[in-house]
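Participant: The residues making up each chain are set out below.
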Amino acid sequence: MNAIIVKDLVKRYGGFTAVQDVSFEVASGQVTALLGPNGAGKTTTIEILEGFLAPTAGTVQVLGANPRAGGRAWRARIGLVLQTTSLDAQLTAAEALMMFGALYPKPRRVAEVLDLIDLASDARTRIGALSGGQRRRVDLGLAIIGRPEMLFLDEPTTGLDPEARRRLWSVIENLTAAGTTVLLTTHYLDEAQYLASRVIVLADGRVVADATPDELRAMGGVPVIRFRLPAGTPALPPALTQHVGGNVLTMPSANVTADLATLVGWARKNYVDLTGLEVGPPSLEDAYLALTREGELSHV
Amino acid sequence: MSEIALRAPRLPGLGPVLASQLRYQLTLLARNPRVIAAGLVLPGALLALERGNARHITMAQAAPRIAGLVALSAIAIAFFTHANGLVVAREAGVLRRWHVSPLPAWAYFAGRIMATMLVTAAAGLILVMVAMAMTGVHLTAHAVVGLLVVDMLGALALAAVGTAITAIITSAQSAQPVLMLVYIPLIVLSGAFGAVSSLPHWVHTAMTYLPVQPVIDAGSRALQSSGAIMTVHDLAVLVGWLAGGLLLSFWFFPWDPHRPAHAKPTEARTTDRSA
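Chains A and B, in that order, are what the protein sequence lines are. Take the first sequence: its letter number 94 is residue 94 in the numbering used here, and every next letter is one higher. One gets the numbering used here by counting positions in the second sequence from 1 and adding 1000 to each.
Here chain B stands alone, though its shape is the one from the complex (with noise of 0.2 Å):
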């Protein structure tokens, strides 16, 4: 047996340090303004505009909307805000920190984005009451448990693909204009504000392809309680997200901050290095 191993301390269990990491995330995420802003303040705004509608409303009507002001928040969260935290943490250093600590790498992973799930979740339940004391429609527990789980899903797949996006932001100050350069576009063309009629046929086609239009579409049929929630395309795409990003964030994730092309050689990282 080596010396390391005959001296080692029993390190405490992975459950506590997952849930202490989940804490952790947690805790930054409530105190991070930005979440309540884009994932709560913004699409809650927008659904009190559907009151002046609520009389003419039916629940066919008011169930696309209110999924897509749900995925709307979740991708602020999940992806956006995710997302732009990886990156200002990286380059701070703060990633760097956890790197060289006891904590698995997969932990602080695992923590933050079941951490950015949750909160999407409570976003997305809070916005949900919202949505039924602004229209007035009335939905049931099942059916607002089966926007949830969808809700969840797209937080995965969603914080999956920001994760993975972040290797190629290279500076904090970039971070925002790259990852609004992917949101907006995004989030209009999947119909989070309504359908777009106008656009081109491959364009539909392609967000279908895309995380956020599953979403929208399944939390739709989650609303209406017909049938069921999910169909085989939109599962598999976003598990073909979720599955893409953790893969490229496996391989290409860098933990310390990026230098400039032209810093000195002493002050060049790698970022491989075990977990």
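Looking at chain A on its own, in the form it has when it is part of the complex (with noise of 0.2 Å):
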């Protein structure tokens, strides 16, 4: 069954296209990242998705619902992380869990989210005098206070440092486990890489690429051999020196065998050490990047 059904899908705020004819399916308990570049329209088209938004054209369905009008009992279905954290300030934490645990029907715990967002030793500390971080973690317990089957996460790590980006990918893993669907957006190809099973690219409005993570990948083109090159390492052949850029060699090969041979060879003569050499797809980064470069060169 599928949690999200969005069928040419068309918003325009004048004579501006955000979104245009957009249309991808997400299945219940799927882990789907929407990535773009600014402006590409996968905030209007998360926004459409949570209700905040009317298509200007499209349909676009929601736990079977039109999200337009979904009524309390929809709302208590769905979970929702803003790209901007939206909190009073004068509440704690556990205060906050509580009062929005009870709007809905079967809500978890405060102590059982608490735990799961890590923050049970701050539950007594008001939000203002909290972290940005820890901010964000109670604006994501709030979103599965409700146990929601469906979880709108915009962004939901910006900002973070790394150690509380990967707790908070804990809590999503641990969600996911569980049967919520959840459709992320994020900048960062590591987070979509880390969490999605499918990626969706917008580019200028349109979807440039609808696949899993590796797929996505495969499609950045060629294969890429990588070296880091040790200090002091001697002059490259030509057809490599122009592959490097800040002592890492990357290069994009259609014939691996080939160049590896040159790389080789070059190591043997001047006995360089290879360890750490790696031939392998283009990274979700390579691929993305061309990916919504053509999209924006298609639309020019």
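By construction, these hints were calculated from the structure, which means they are not laboratory data. Treat the hints with caution; some may be incorrect.
Stretch by stretch, here's where chain A covers chain B in the computed footprint (C-beta under 8 Å, at least three residues) [to be verified]:
no. : region
1   : 1028-1036
2   : 1082-1095
Label-pair distances were calculated between CB atoms; the ranges are [stated by the list, open to error]:
no. : chain 1 : residue 1 : chain 2 : residue 2 : range
3   : B       : 1013      : A       : 166       : 37 to 43 Å
4   : B       : 1034      : A       : 248       : 52 to 58 Å
5   : B       : 1239      : A       : 69        : 31 to 37 Å
6   : A       : 177       : B       : 1034      : 44 to 50 Å
7   : B       : 1193      : A       : 105       : 49 to 55 Å
8   : B       : 1171      : A       : 232       : 56 to 62 Å
9   : A       : 276       : B       : 1010      : 55 to 61 Å
10  : B       : 1106      : A       : 106       : 20 to 26 Å
11  : B       : 1126      : A       : 57        : 34 to 40 Å
12  : B       : 1013      : A       : 123       : 24 to 30 Å
Idealized CB from N, CA, C, for every residue including glycine.
These two chains come separately, so use the hints to put the complex back together.
Facilitator: Listed below in structure tokens is the structure:
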């Protein structure tokens, strides 16, 4: 069963088209990442799915209902982490969770949510005195207190330190293991790679790719040879030198065998240790950049 | 029956939801320093200044002063603090979160306005007790209850007006200047600090149609226990502002943060959605 169905979605603001003919479906229990550069239309799309915006054309269904017409019962089945933290600073995390929990039919226990978001020790601290990462976790706590079937996460880890990001990822993993459907927007490709089983890339308001992270990497073009050059390395052959940036050789290769032979030949001649040499498909970032560049160019 | 209806779990009743929202808003107000400063400390300090005149003051003189300072407290809490808090919450995205929660829109406002009325009444009661201690006037329980009923009705009308006015305030930074532009002339010209005799006649007349002077007049009558507390005119003015404020809020209240006019179209917002 699909938790989200988007068909021929269009959103215009006056003469500006923010989203153009976007269609996709998200199966229940799936984690899907919506990627795209700023202005690609991902926030507009997610806000239409959340019910904040009305589409100009096309149809949208979330948990079987039109989000614009979703009543209390529908709203009790979804959870949201908005793009910016949105909390009353005078309350404590425990108070905010308790007050929001009272709105749902079968809320999680406050203590359970505090444990999930790793804030049990700060439960009685006013939100205004928490760090940015802790506030973001309170945001997530409010989104999950009602046991949502569908969770929208709009750039949930923006501004968090690496440790806080990892903790938030762990919470999201636990939720998805319990069957929650997640639609995530993020600028961190490692986040999409880690959390999502599917990636939809938007560029210039259109879907330019819809695939698994591995398939997306494969779309990024030819394999890549990567090698961090040790200090004091002799000059590389001219064919390789042009692919060096910041002491790292990153070389897209249409003929891996021939290019590797050149590299290995140079290494043997100069006694360079090739430990750390990598050959593989392009990274998700390479693929993403290639796709979004193509998307922008095709609409110029 | 639709799939949604089949799967919909039983939602909490509206009574418990409203009670929870009332508790939430009371907690927020109790921890808001502006409520203490503008709603209690300022009018309390002005009452304390009356102490020097206590030996010479009569009930007829004390009643309008006490009622005026109670009205000052009411407008500070129910209009200024309420409206400013709404703008700050809206611009911070707090209202947006509530709007997409299972809380009905009316329950949010009902909880918020009821909390404002209760805090206004509590502040009014404290001020009356301070007034009795400072001026030495004796007030009956009947007089105090009458004043508090007027105070709460005034708070209701002022909160409705405050809610409506937030629609034209586009940022948290501009909230205080805009609200003070309304609040200060209204409270001074309505006679909260004493009647202003040098004003043109039309200003006096206009003040009787705005929501502060009727509160002062009715409060003063309540303290003196002189017949009916509210005239039909005063009651009609307050009910009119209440109804007008609620209607305007219903149509124009924005739940989403305002965006600057030059913002990219992808960041524009609409505010209408079903409650």
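Participant: Give me the numbers of the hints this structure contradicts, sorted from smallest to largest.
Facilitator: 11
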